[in-house]
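Q: For the sequence shown, the working numbering begins at 1 and goes up steadily by one.
Please keep in mind that the hints were generated in silico from the structure rather than gathered at the bench.
Certain hints may be false.
Have a look at the derived ranges for each label pair, beta carbon to beta carbon [stated by the list, open to error]:
| hint | residue 1 | residue 2 | range |
| --- | --- | --- | --- |
| 1 | L66 | F104 | 53 to 59 Å |
| 2 | G71 | L21 | 51 to 57 Å |
| 3 | L21 | K112 | 34 to 40 Å |
| 4 | T22 | G59 | 50 to 56 Å |
| 5 | A65 | I19 | 52 to 58 Å |
| 6 | R100 | I7 | 23 to 29 Å |
| 7 | L16 | I105 | 47 to 53 Å |
| 8 | P73 | R114 | 15 to 21 Å |
| 9 | L119 | G71 | 44 to 50 Å |
| 10 | A98 | T22 | 15 to 21 Å |
| 11 | V70 | R118 | 25 to 31 Å |
| 12 | A98 | A24 | 36 to 42 Å |
| 13 | V6 | A113 | 56 to 62 Å |
| 14 | V20 | A113 | 47 to 53 Å |
From a predicted model like this one, the values you see are computed outputs, not experimental measurements.
Ideal Cβ positions, reconstructed from N, Cα and C, are used throughout, including at glycine.
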Amino acid sequence: MDQINVIPFIDIMLVLLAIVLTTATFIVEGRLQIRLPTAASQDAPETIEPREIAIDADGQLYFQALPLGVGAPGLNALAPKLAELEPSTPIVLRVDAATRFAAFIAVVDQLKARGLERLSILTRRP
């Protein structure tokens with residue numbers, strides 16, 4: 001015998017490896033007995049309240065439910081409000097389905113320019 005066919009052996013080993021890896025994650029999860037230490041202060045970390053930006057069907061821009069204007073004047077009024085925010089501030093963007101896509105892109109561009117990347121876009125379930 002000059003040759004040994006190892007392909008079936010490799011196939012069996014890969015199947016066994018897959019079984020071991022999938023069961024190992026189930027075994028470790030939830031079984032760790034960890035006793036957390038106590039601390040003198042129990043203050044929770046500060047959570048930053050999300051800011052809401054909305055654009056209605058007419059292109060009217062709102063920041064925290066306050067109207068800013070339509071089109072370029074609205075974007076110009078939005079800029080100083082975004083400059084006050086920290087980069088880690090979550091932003092919730094609500095845009096009417098009938099709004100022009102250009103208005104949406106203009107707002108997203110302003111958010112990116114100021115480093116505000118924690119963006120959530122609200123949608124509705126069908």
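Q: All the hints need checking, so say for each whether the structure fits it.
A: Hint-by-hint comparison with the structure:
no.: 1; hint: L66 to F104: 53 to 59 Å; in the structure: violated (19 Å)
no.: 2; hint: G71 to L21: 51 to 57 Å; in the structure: holds (55 Å)
no.: 3; hint: L21 to K112: 34 to 40 Å; in the structure: holds (39 Å)
no.: 4; hint: T22 to G59: 50 to 56 Å; in the structure: holds (51 Å)
no.: 5; hint: A65 to I19: 52 to 58 Å; in the structure: holds (55 Å)
no.: 6; hint: R100 to I7: 23 to 29 Å; in the structure: violated (59 Å)
no.: 7; hint: L16 to I105: 47 to 53 Å; in the structure: holds (51 Å)
no.: 8; hint: P73 to R114: 15 to 21 Å; in the structure: holds (19 Å)
no.: 9; hint: L119 to G71: 44 to 50 Å; in the structure: violated (21 Å)
no.: 10; hint: A98 to T22: 15 to 21 Å; in the structure: violated (47 Å)
no.: 11; hint: V70 to R118: 25 to 31 Å; in the structure: holds (26 Å)
no.: 12; hint: A98 to A24: 36 to 42 Å; in the structure: violated (51 Å)
no.: 13; hint: V6 to A113: 56 to 62 Å; in the structure: holds (58 Å)
no.: 14; hint: V20 to A113: 47 to 53 Å; in the structure: holds (49 Å)
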